[in-house]
Amino acid sequence: MKTKNFGRFALIPYAIWIVLFVIAPLLLIAYNSFLDIEGNFTLLNYAKLFSPVYMKMMFNSFLYASIVTAVSLLVGYPVAYLLSRTKHKRLWLVLMILPSWINLLLKTYAFLGILGTEGPVNAFLEAIGIGGQQLLFNDFSFIFVSTYIFIPFMILPIFNAIEKINPSLIYASRDLGASNITTFQRVIFPLTKDGIQSGFQLVFIPTLSLFMITRLIAGNRVITLGTAIEQHFLVTQDWGMGSAIAVVLIIAMAIVMYATRKIMK
Amino acid sequence: MKNLVRALVAIIITCALLIFSIDYLNKAEGYSSDNTLTIFNWGDYIDPDLIDQFEDETGIKVIYQTFDSNEAMMTKIEQGGTTYDIAVPSDYTIAKMIDEDLLLPIDYSKVVGMENIDKRFLDIEFDPNNEYSIPYFWGTVGIVYNPDLLGDMEITSWNDLWNPELENQIFLADGAREVVGMALNSLGFSLNSIDSAELAATSGKLQSLMPNVKAIVGDEIKMLLANEEAALGLVWSGDAAEIMYENEALTYVIPEEGTNLWSDNLVIPKTAKNIDAAYEFINFMLRPEVAAQNADYVGYSTPNAAAMELMDEEVIADERFYPGPDITDELEFYTNIGKANLAKYNDIFLEFKMSGQ
Numbered sequence: 031m032k033t034k035n036f037g038r039f040a041l042i043p044y045a046i047w048i049v050l051f052v053i054a055p056l057l058l059i060a061y062n063s064f065l066d067i068e069g070n071f072t073l074l075n076y077a078k079l080f081s082p083v084y085m086k087m088m089f090n091s092f093l094y095a096s097i098v099t100a101v102s103l104l105v106g107y108p109v110a111y112l113l114s115r116t117k118h119k120r121l122w123l124v125l126m127i128l129p130s131w132i133n134l135l136l137k138t139y140a141f142l143g144i145l146g147t148e149g150p151v152n153a154f155l156e157a158i159g160i161g162g163q164q165l166l167f168n169d170f171s172f173i174f175v176s177t178y179i180f181i182p183f184m185i186l187p188i189f190n191a192i193e194k195i196n197p198s199l200i201y202a203s204r205d206l207g208a209s210n211i212t213t214f215q216r217v218i219f220p221l222t223k224d225g226i227q228s229g230f231q232l233v234f235i236p237t238l239s240l241f242m243i244t245r246l247i248a249g250n251r252v253i254t255l256g257t258a259i260e261q262h263f264l265v266t267q268d269w270g271m272g273s274a275i276a277v278v279l280i281i282a283m284a285i286v287m288y289a290t291r292k293i294m295k
Numbered sequence: 029m030k031n032l033v034r035a036l037v038a039i040i041i042t043c044a045l046l047i048f049s050i051d052y053l054n055k056a057e058g059y060s061s062d063n064t065l066t067i068f069n070w071g072d073y074i075d076p077d078l079i080d081q082f083e084d085e086t087g088i089k090v091i092y093q094t095f096d097s098n099e100a101m102m103t104k105i106e107q108g109g110t111t112y113d114i115a116v117p118s119d120y121t122i123a124k125m126i127d128e129d130l131l132l133p134i135d136y137s138k139v140v141g142m143e144n145i146d147k148r149f150l151d152i153e154f155d156p157n158n159e160y161s162i163p164y165f166w167g168t169v170g171i172v173y174n175p176d177l178l179g180d181m182e183i184t185s186w187n188d189l190w191n192p193e194l195e196n197q198i199f200l201a202d203g204a205r206e207v208v209g210m211a212l213n214s215l216g217f218s219l220n221s222i223d224s225a226e227l228a229a230t231s232g233k234l235q236s237l238m239p240n241v242k243a244i245v246g247d248e249i250k251m252l253l254a255n256e257e258a259a260l261g262l263v264w265s266g267d268a269a270e271i272m273y274e275n276e277a278l279t280y281v282i283p284e285e286g287t288n289l290w291s292d293n294l295v296i297p298k299t300a301k302n303i304d305a306a307y308e309f310i311n312f313m314l315r316p317e318v319a320a321q322n323a324d325y326v327g328y329s330t331p332n333a334a335a336m337e338l339m340d341e342e343v344i345a346d347e348r349f350y351p352g353p354d355i356t357d358e359l360e361f362y363t364n365i366g367k368a369n370l371a372k373y374n375d376i377f378l379e380f381k382m383s384g385q
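Protein sequences, first through last, are from chains A and B. Note that the numbering used here numbers the first sequence so that position 7 is 37, with each residue one more than the last. Note that the numbering used here numbers the second sequence so that position 92 is 120, with each residue one more than the last.
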């Protein structure tokens, strides 16, 4: 009885938090999305989202988010797997995660120097005879830097999933005559699906709404929905349009979450 | 669980202690609303030595806060809860702030030194008779370029940017009015045009520039140009001065088709707490020797004619940053074109950006 009451009591701060910082802002965004710049009710913001400019932007956002997630998975999975097989795995893991402790903006700025015309990467390319390349302000640099920033969020859940696998399952698979490949296909991979799912969501969804990197690294040559929201709130002050994009983005994210759960099951 | 509670308590106690010590320190230093002056200005837009000098002379403590865009500054003042005694918005933002009733009129009986200001920067459309604002710095929008990277090519006009030889050589500042204004000017239209036929033509012209554009960037444009990542950039004259200070190979030109003339101005927001101190600060900044020292530090052009006489002759004679009336008379200030028209400019700018993808 007593613990039950305490339980209810303990929920109050949580409930207040959820209402103030999750539900209220969402409602405000939804409300704002029906207002035009003069503050009148309108559906035009949503209609505008179906114009070629915004459709293209939406398509681009999903395309880039998919590429970044795919690259993160392709690179991250083997890394997580090998990591779980190394001797000092905790140390390696910390080294992998360390960059994510550094401020995003600082890391991004560092890439401006690294990938610049006079940067070390170009110096290297020139030294081995390939010659200088334009590395900044294109699709490649955007995908590369975004992947670099988000890859720890892919590695970590997969690593945890692999760590949780009971080694005797793998021994059993070997005892029963399965090859390494079959063991991976039939035992390890299915057991790490949860990790892949979390990794997918942790990378795909933030990439979808990425801004700042689109300007700093891609020089506005990649424009995602996140960039458009930032512009509408801070520069054009068309909060209605920004909110409408945000609402669509939230719905898209919910669909992605739901779909990944369905597919992974 | 126990550890968690302990950690939480420790954090709360630390916060409480910090709050108390800030309060104590503020009192010990003599901060309170009657002898502090809160200034809301662009980053690195005043010589810090002048703030010290002002504090020594008047005994007023200065709290200096910064913003990085007119819009952000205005939003903050609009939302209230701020106590800025002085803010430094640009021309068209002042018009908006007057419309929204965010500013206090200037009481000229308390202002000393207005006669020092060059008449060219007074009584402009955004604030007739300077009822609300006093010029602080001014400049133009133009092209900064690196002759070393361009061979013999000479850049004198906006239309030079459309030269096919300049493929992938231009950085643009990320501002709708600046970029659309450039295209409007290149076609001979006013950069405040709200004519839909003119704007449609401008949109087309702008999109044809895309092959030459390397990137559309923010403040980092200064670093990128100084590092010679590309040969040309559309920038504000003050940024150009900074870039040229970093890398002497670059030069700046005011395009011959005309461009934007802008000014940043001192204003007193409605929410000001210490209005007397605000006037003391305005009078301080109007002094010729103070304005000269400030212009020397910041590198932007001062509207204070009396200050110019005290400055390095070479600086003042530089037509790139101190163009004479024959040039400035041909240039245009941005006018407040209204939200709906501004939205059109933003749409053109967005379509332009998307055309590069």
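Hints were generated in silico from the structure; no laboratory data involved. These figures come from a predicted structure and were not determined experimentally. The beta-carbon is built from N, C-alpha and C at its ideal position, and this holds for glycine as well. Incorrect hints may appear among the rest.
[Said to hold, decoys possible] Just a few of them, taken from the derived set where beta-carbon distance is under 10 Å, the chain B residues facing chain A: (1) 71; (2) 75; (3) 79; (4) 80; (5) 103; (6) 132; (7) 136; (8) 140; (9) 141; (10) 143; (11) 199; (12) 243; (13) 252; (14) 377.
Here's how the hints hold up against the structure:
no. : hint : verdict
1   : 71   : violated, 15 Å
2   : 75   : violated, 27 Å
3   : 79   : violated, 27 Å
4   : 80   : violated, 31 Å
5   : 103  : holds, 8 Å
6   : 132  : violated, 23 Å
7   : 136  : violated, 32 Å
8   : 140  : violated, 37 Å
9   : 141  : violated, 35 Å
10  : 143  : violated, 37 Å
11  : 199  : holds, 8 Å
12  : 243  : holds, 2 Å
13  : 252  : holds, 8 Å
14  : 377  : holds, 9 Å
Of the numbered hints given earlier, the model fails hints 1, 2, 3, 4, 6, 7, 8, 9, 10; all others are met.
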